[in-house]
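Keeping their order, the protein sequence lines are chains A and B.
Add 131 to the 1-based position in the first sequence for this note's numbering, that's all there is to it.
Add 7 to the 1-based position in the second sequence for this note's numbering, that's all there is to it.
Treat the hints with care, as some may be off.
Calculated pairs, DSS-like style, for lysine-lysine (alpha carbon to alpha carbon, straight line, at most 27 Å) [to be verified]:
(1) A:Lys594 - A:Lys293
(2) B:Lys247 - B:Lys360
(3) B:Lys196 - B:Lys181
(4) A:Lys653 - A:Lys594
(5) A:Lys159 - B:Lys181
(6) A:Lys474 - A:Lys594
(7) B:Lys210 - B:Lys247
(8) A:Lys159 - B:Lys104
(9) A:Lys645 - B:Lys104
One side of the interface only, derived from the structure: several residues of chain A facing chain B at Cβ under 10 Å [as the list claims (entries may be wrong)]:
(10) Ser156
(11) Gly324
(12) Arg370
(13) Gly372
(14) Val577
(15) Gln623
Residues of chain A clear of chain B, computed beta-carbon distances all greater than 10 Å [claimed, not checked]:
(16) Cys212
(17) Gly225
(18) Lys293
(19) Pro331
(20) Asp505
(21) His539
(22) Gly610
Source of the hints: derived by calculation from the structure; they are not laboratory data.
The beta-carbon is built from N, C-alpha and C at its ideal position, and this holds for glycine as well.
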Amino acid sequence: MNKHMTDLTAETITGGVHSSPRHDSAHKHVAGTAVYIDDITEPAGTLHAGLGLSTVAHGILKSVDLDAVRAAPGVVDVLTCADIPGVNDISPSGMNDDPVLAEGKVQFHGQPIFCVIAETREQARRAARLARIEYEELPADIDIWDLDVKTHRQVFTPLTLKRGDTAGALETAPRRVKGRMRLGGQDHFYLEGQVSLAVPGEDDEVLVHCSTQGPSETQHMIAHALGVPSHAVTVEVRRMGGGFGGKETQANQCAALAAIAAKKLNRAVKVRLDRDEDMVATGKRHDFAIDYDVGFDDEGRILAVDYTFALRAGFSADLSGPVGDRALFHCDNAYFFPHVHAKSAPLYTNTVSNTAFRGFGGPQGMVGAERVIDEVAFAVGKDPLDIRKLNFYDAMGVEGERNVTPYHQKVEDCIIQRIVAELETSADYAGRRKAIAEFNAKSRVVKRGLALTPVKFGISFTKTESNQAGALVHVYTDGSVHMNHGGTEMGQGLHLKVAQVVAEEFQIDLERVKITATTTAKVPNTSPTAASSGADLNGMAAQDAARQIKQRLIAFAAETWQVPRSRDLPAEPGAHRRDGDPVQRSGEEGLYRPRPAFGRRFLQDAEDPLGSLEGARPCLLLLCLWRGLLGSLGRYADRRICGRAHRHPPRYRPFLEQDHRYRPDRGRLHPGHGLADDRGTVVGRQGAAAHPCALDL
Amino acid sequence: MADAAVRSHLRFILNGRDVTLTDVAPDQTLLDWLRLSRALKGTKEGCAEGDCGACSVLVGRLTPDGGLVYEGVNACIRFLGSLDGCHVVTVEHLAAKDGHLHPVQQAMVDFHGSQCGFCTPGFVMSLYGLWMQTPNPDDRQIETALQGNLCRCTGYEPILRAARAISSYGGTDKDPLLSERETMIARLKALKDGARVEIGAGKHRLVVPAGLDDFADLLEASPTATIVAGSTDVGLWVTKHMRDISPVIFIAGLDELKSISVKDGAVTIGAGVTYSEAIDTLGQHIPALGPLIARIGGQQVRNMGTIGGNIANGSPIGDTPPALIALGATLTLRKGKARRTIPLQDFFIAYGKQDRQPGEFVEAVHIPIPAQDEHFAVYKVTKRRDEDITATLGALRMTLADDGTVASICIAYGGMAATPKRALAVEAALLGQPWTEATVEAAMEKYPQDFSPLTDMRATADYRALVAKNLLLRFYLETTSNAAPAQVSRYEAA
Chain A
132 MNKHMTDLTA ETITGGVHSS PRHDSAHKHV AGTAVYIDDI TEPAGTLHAG
182 LGLSTVAHGI LKSVDLDAVR AAPGVVDVLT CADIPGVNDI SPSGMNDDPV
232 LAEGKVQFHG QPIFCVIAET REQARRAARL ARIEYEELPA DIDIWDLDVK
282 THRQVFTPLT LKRGDTAGAL ETAPRRVKGR MRLGGQDHFY LEGQVSLAVP
332 GEDDEVLVHC STQGPSETQH MIAHALGVPS HAVTVEVRRM GGGFGGKETQ
382 ANQCAALAAI AAKKLNRAVK VRLDRDEDMV ATGKRHDFAI DYDVGFDDEG
432 RILAVDYTFA LRAGFSADLS GPVGDRALFH CDNAYFFPHV HAKSAPLYTN
482 TVSNTAFRGF GGPQGMVGAE RVIDEVAFAV GKDPLDIRKL NFYDAMGVEG
532 ERNVTPYHQK VEDCIIQRIV AELETSADYA GRRKAIAEFN AKSRVVKRGL
582 ALTPVKFGIS FTKTESNQAG ALVHVYTDGS VHMNHGGTEM GQGLHLKVAQ
632 VVAEEFQIDL ERVKITATTT AKVPNTSPTA ASSGADLNGM AAQDAARQIK
682 QRLIAFAAET WQVPRSRDLP AEPGAHRRDG DPVQRSGEEG LYRPRPAFGR
732 RFLQDAEDPL GSLEGARPCL LLLCLWRGLL GSLGRYADRR ICGRAHRHPP
782 RYRPFLEQDH RYRPDRGRLH PGHGLADDRG TVVGRQGAAA HPCALDL
Chain B
8 MADAAVRSHL RFILNGRDVT LTDVAPDQTL LDWLRLSRAL KGTKEGCAEG
58 DCGACSVLVG RLTPDGGLVY EGVNACIRFL GSLDGCHVVT VEHLAAKDGH
108 LHPVQQAMVD FHGSQCGFCT PGFVMSLYGL WMQTPNPDDR QIETALQGNL
158 CRCTGYEPIL RAARAISSYG GTDKDPLLSE RETMIARLKA LKDGARVEIG
208 AGKHRLVVPA GLDDFADLLE ASPTATIVAG STDVGLWVTK HMRDISPVIF
258 IAGLDELKSI SVKDGAVTIG AGVTYSEAID TLGQHIPALG PLIARIGGQQ
308 VRNMGTIGGN IANGSPIGDT PPALIALGAT LTLRKGKARR TIPLQDFFIA
358 YGKQDRQPGE FVEAVHIPIP AQDEHFAVYK VTKRRDEDIT ATLGALRMTL
408 ADDGTVASIC IAYGGMAATP KRALAVEAAL LGQPWTEATV EAAMEKYPQD
458 FSPLTDMRAT ADYRALVAKN LLLRFYLETT SNAAPAQVSR YEAA
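Given these sequences and hints, build the entire structure.
Quick look at the structure:
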């Protein structure tokens with residue numbers, strides 16, 4: 132037992148909050164011993180799946196002849212929609228528009244129609260190619276650019292934000308510009324593709340190891356499709372090989388198929404998509420068509436803006452409604468629009484159903500804002516930075532009116548002026564601008580550019596009730612701690628951060644806190660790990676749990692050893708060590724020994740950590756980036772970012788991120804890079820997803 | 008070579024252990040074998056097409072001069088049959104027996120080089136391969152070594168920091184692979200018995216020829232066999248298209264196809280020479296080819312893929328054929344003992360159809376070195392700079408007469424037609440004309456006569472048509488002025 136004990140004589144614990152430990156799994160990542168779903172030792176007799184995908188974008192299934200598939204070597208079974216014991220739907224929006232397997236018709240090229248179960252994955256994949264499917268092809272809507280947002284079918288109720296008299300202000304504005312822009316989509320390209328391993332249990336039970344950002348939702352969807360209560364389904368995930376939003380809802384299909392096959396055949400079943408199948412059959416970032424109509428004065432001050440954000444939702448709602456909402460919440464970026472009208476249009480298309488992707492519509496909204504700034508700057512002939520500064524929200528301390536967002540939230544504590552002023556000086560914006568102009572005057576082919584662009588980003592879920600978390604903390608009789616919470620690990624170091632919080636609360640070394648796999652059997656009904664909220668929500672839930680346990684232990688210790696209970700909690704890290712906390716002074720090393728403890732609590736919205744924010748009113752995170760040189764081909768060639776992040780106000784973040792996140796000097800640039808240089812996803816030039824390949828990054 | 012000794016099993020070394028396999032499918036990939044048969048699950052499948060690098064392992068092989076070289080390869084598209092006599096090193100082999108991490112691994116941990124960790128074993132192996140040969144690499148070397156490894160979490164910066172610091176964690180003198188090099192060379196030499204390997208029978212057959220003549224005889228006897236050198240393309244026939252490729256003849260180990268010689272103003276490259284093996288010689292004698300080859304695939308693909316394969320494969324978007332056609336290269340084909348040499352441009356007949364008879368194979372390519380006064384440039388246009396497949400590639404070679412007129416011109420494009428193809432109408436518009444912008448602009452109007460490109464996921468037909476003719480303008484600007492840049496390299500930009 133002693134080897135597990137914390138050194139109580141040390142001044143401070145190791146690995147508490149505000150320290151920067153290595154990722155808890157880093158030593159396993161580099162050694163190849165970190166276990167992902169496909170690395171889990173398979174139960175004997177595990178079967179494998181291959182999907183049969185639609186080869187047309189829209190059509191009636193006239194006949195589905197699977198005889199050759201069934202007769203292929205190694206094939207054990209072939210699942211179609213008829214084999215789904217519960218409801219053939221995994222719609223996260225409740226719209227009942229997301230079939231597990233196509234029923235009667237297909238609505239996009241790549242839609243799963245059947246699922247082959249075979250002894251090996253290779254046999255399943257080979258067999259899946261033997262199907263003979265006849266379609267009656269129907270007209271397909273592919274590109275939102277060509278669709279009329281007023282009349283075209285929308286997959287979800289759109290949102291409109293309005294403040295003031297936009298139409299009137301546009302009419303009377305001295306200057307006015309209208310325009311339209313296209314912003315491409317992106318594939319997540321999580322390095323680990325979609326994968327689930329289902330192990331059947333007794334009665335109606337099934338355990339599913341699934342690479343998912345939302346284990347609870349995956350669990351509920353599996354139960355829904357199996358027609359069993361949620362209590363029969365356990366979903367577990369230790370870590371994902373990347374998610375980026377692509378496993379918030381998109382993991383559910385593989386999970387449901389694996390579970391259905393496992394229960395039907397009473398054998399373990401693994402569904403692991405090939406990268407190509409993953410890219411055609413699962414959703415991506417929404418591409419947008421953004422219409423704008425902006426009125427402004429001769430100085431470049433914006434008077435009114437009217438926006439329409441049309442997005443390619445794909446064939447089902449999935450998360451397209453909230454993604455469109457979030458685009459609207461960011462259509463102002465850091466700028467005050469006196470009169471504003473903005474609406475979203477999540478348009479039905481015969482393409483794969485698009486989904487969450489880092490930023491969740493936010494970046495698309497901001498691009499709309501910045502395009503308007505650029506249009507105004509060109510129109511009045513000024514440096515865009517001047518136009519940006521002219522239109523910023525009022526700084527904190529300024530008694531102005533220019534501080535209300537299109538969603539009627541008052542912008543408080545705004546420090547964007549200060550950040551931009553600092554950056555303008557430290558980056559020598561003016562000097563660079565001059566040098567670039569001189570270069571461009573002399574250079575016929577290669578042209579350079581420069582931009583200093585603010586970002587206002589709202590964290591937390593716009594669906595208010597999702598802003599809650601649960602944690603489960605055990606303290607064992609040897610003093611070691613088992614920590615579990617509802618968040619999932621996909622590389623962001625969430626488990627480590629939450630473990631740091633627990634270590635901090637108990638004032639024990641980090642190594643004594645065991646990080647365990649996320650499972651629906653320990654913490655139920657959780658939100659997906661998304662919306663930049665994982666550490667805040669789950670960290671506070673774990674903190675709350677740890678505090679409850681600690682209070683009980685302190686009370687127990689005070690009573691058992693007859694010492695006064697002079698204070699409840701140490702005021703700061705290590706404080707109880709230094710100033711002689713009565714509990715510690717009792718000298719008993721068995722502080723945590725007497726009994727195992729258990730605590731859990733849901734953190735219900737409320738005061739901490741996200742304050743009294745309502746849904747659809749994201750709190751502000753001000754982050755300012757400055758980008759360098761533009762390459763000659765219209766993409767930026769320079770990967771440098773100099774910039775600094777100001778998190779504000781700090782009370783919303785009770786614990787610090789570690790080193791490897793949000794480094795102030797360099798960016799987590801890669802996915803943003805792919806979006807910003809407008810490669811886009813390649814969908815449907817032939818009315819179908821083109822041959823997938825990794826260029827969709 | 009009818010009397011060549013025949014062995015019916017593969018022999019190679021996996022990490023520390025000798026492996027003998029008697030039952031190997033011709034299309035068995037190294038990755039599946041490692042993960043499914045050996046439960047070595049540190050090597051990951053990210054894309055199964057040689058793009059992402061999560062499956063990177065090192066393959067050590069004896070060089071013709073008796074040395075031992077370790078190269079990073081993509082296990083997902085590498086077939087077991089190509090590994091006879093090799094040493095396969097996976098990520099599990101790096102840490103010491105007591106669990107102590109290797110310097111490469113420790114640097115990645117300490118500099119936060121991993122987040123989700125799925126790509127990490129591949130990065131570790133690529134960095135290991137780099138560090139073994141270049142213990143203190145500069146940024147350009149690091150980025151080249153990591154071209155074939157994708158990471159979606161870190162933004163790469165922490166990985167670059169780790170790469171720069173590896174040598175501060177320990178010297179190469181303590182590295183087990185390097186310190187046990189002589190032992191390993193002896194072990195690998197012991198595996199080289201000069202025998203032909205044949206596993207399976209009839210159609211389902213895997214053959215590793217004993218030598219070049221043996222290969223020629225085998226292919227003549229089984230003309231429908233799939234010839235596999237680097238498997239950077241054939242690998243995808245299996246992993247993506249599920250094609251049956253057997254019987255298969257693996258030629259990667261044939262030293263006789265690995266010769267590079269410079270003689271009589273030409274570079275001759277054996278068909279088995281990989282991009283990595285060719286890049287130094289070609290880059291030295293024909294400078295424009297160095298940067299071109301450095302943009303073919305990632306390091307792993309260049310360590311496997313061959314220029315001979317790039318030609319024989321006949322793809323309309325292969326990167327080397329247009330460049331070699333513009334250089335006036337010729338091809339030596341061999342069938343049995345008979346050889347013939349043809350101009351490379353005549354090899355490509357139509358889409359999927361080349362001038363290769365049944366039983367015949369590409370043995371070598373001869374590349375004339377441009378004269379001092381010749382201008383030669385290759386432009387590869389892709390969506391991503393590195394590790395991307397060509398949308399359009401233009402290669403242009405020209406000499407000017409003393410009076411400033413075009414004395415000779417040869418222009419070839421990839422990605423513009425069903426085969427790599429000459430721009431004959433454009434050439435005709437330039438030949439004999441003064442090398443001026445007016446001439447170039449007039450010639451740019453001739454492109455539609457030469458090419459009617461297609462729209463696919465890499466580019467639209469309009470884009471291809473426009474960029475193709477603009478490459479001629481770029482060539483003009485680069486050959487007439489040194490002052491204003493006509494393109495940006497990432498290092499100039501930074």
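Each hint, compared with the structure:
1. A:Lys594 - A:Lys293: 20 Å, holds
2. B:Lys247 - B:Lys360: Measuring from Cα to Cα gives roughly 22 Å; hence the hint holds.
3. B:Lys196 - B:Lys181: 24 Å, holds
4. A:Lys653 - A:Lys594: 24 Å, holds
5. A:Lys159 - B:Lys181: 22 Å, holds
6. A:Lys474 - A:Lys594: 18 Å, holds
7. B:Lys210 - B:Lys247: 21 Å, holds
8. A:Lys159 - B:Lys104: 15 Å, holds
9. A:Lys645 - B:Lys104: With a Cα-Cα distance of about 25 Å, the restraint between lysine 645 of chain A and lysine 104 of chain B holds, given a limit of 27 Å.
10. Ser156: Constraint on serine 156 of chain A satisfied, holds at 6 Å.
11. Gly324: 8 Å, holds
12. Arg370: Since the shortest Cβ distance to chain B is 7 Å, the answer is holds.
13. Gly372: 3 Å, holds
14. Val577: 5 Å, holds
15. Gln623: At about 7 Å, which falls below the 10 Å cut-off, the nearest Cβ of chain B leaves the hint on glutamine 623 of chain A intact, so it holds.
16. Cys212: Cysteine 212 of chain A is indeed farther than 10 Å from all Cβ atoms of chain B, at 25 Å.
17. Gly225: Given a closest Cβ separation of 30 Å, the condition holds.
18. Lys293: 38 Å, holds
19. Pro331: Fine: 22 Å to the nearest Cβ keeps proline 331 of chain A off the interface.
20. Asp505: 22 Å, holds
21. His539: Holds, because the least Cβ-Cβ distance between histidine 539 of chain A and chain B comes to about 35 Å, which exceeds 10 Å.
22. Gly610: The claim holds: glycine 610 of chain A sits with its nearest Cβ about 25 Å from chain B, beyond 10 Å.
Of the hints listed earlier, there is not a single one the structure fails to meet.
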